[in-house]
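Under the working numbering, the sequence shown has 858 at position 96, and the numbering climbs by one with no breaks.
Please note: incorrect hints may appear among the correct ones.
Unchecked claim - Using C-beta positions, here's what the derived DEER-type ranges look like: (1) Q826 - K800: 21 to 27 angstroms; (2) R915 - L836: 46 to 52 angstroms; (3) Q831 - R915: 33 to 39 angstroms; (4) P830 - I912: 19 to 25 angstroms; (5) P874 - K916: 28 to 34 angstroms; (6) I880 - A807: 33 to 39 angstroms; (7) V873 - T911: 20 to 26 angstroms.
Calculated directly from the structure, the hints in this document are not laboratory data. For every residue, glycine included, the Cβ atom is placed at its ideal position computed from N, Cα and C.
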Amino acid sequence: MTPFDAPEDDIPPTAGPLGAAGPDGPAGASGASGLDRKVIVRAAASGLLIAMPAAFLNVVLANQSPRPQAGINLSFLAVFAGFGLAGWMAGREAPGQLAKHGALAAAAAFVPVELVVILGRPDRGAAAVIFGIVFIGLLAACIGTIGGTIGGRKRKGEPA
């Protein structure tokens, strides 16, 4: 196997002639790209169980004077743990394309967390730093990709 070959289990399933049902259910259930939207939404919701309370805590701690840096840093790490959980859950449940499912689940979990952070800023008149938002979003997707890859290693119902 050369470095650029994709594993066969990462190749999206194709529909049969005239949109017949494939091995994963009716044609179009996973979308044209082979992504399962239910898996992505479920995984993002699982990640938000950790990420949203940590984001609220981060906003509260950041608005205090003096700022408790250790608490802010720990809540920031908990937010990223939520993104990793979203990726792990997506990789565990996805039928294929584990890394892509993980990245999209973490990105979906990133959006509400970022809204909480932006709306919780005390200086709402100041423009949000676009570079920081994009960078953290990409970092969340990368953590979700890693989580999806790790989650796909031992999946339910598969032999060890």
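Each hint tested on the structure:
1. Q826 - K800: 21 to 27 angstroms: 40 angstroms, violated
2. R915 - L836: 46 to 52 angstroms: 28 angstroms, violated
3. Q831 - R915: 33 to 39 angstroms: 35 angstroms, holds
4. P830 - I912: 19 to 25 angstroms: 31 angstroms, violated
5. P874 - K916: 28 to 34 angstroms: 29 angstroms, holds
6. I880 - A807: 33 to 39 angstroms: At 21 angstroms between Cβs, range violated.
7. V873 - T911: 20 to 26 angstroms: The hint (20 to 26 angstroms, Cβ to Cβ) holds, given that V873 and T911 are roughly 22 angstroms apart.
Checked against the numbered hints given earlier, this structure breaks hints 1, 2, 4, 6; the rest are met.
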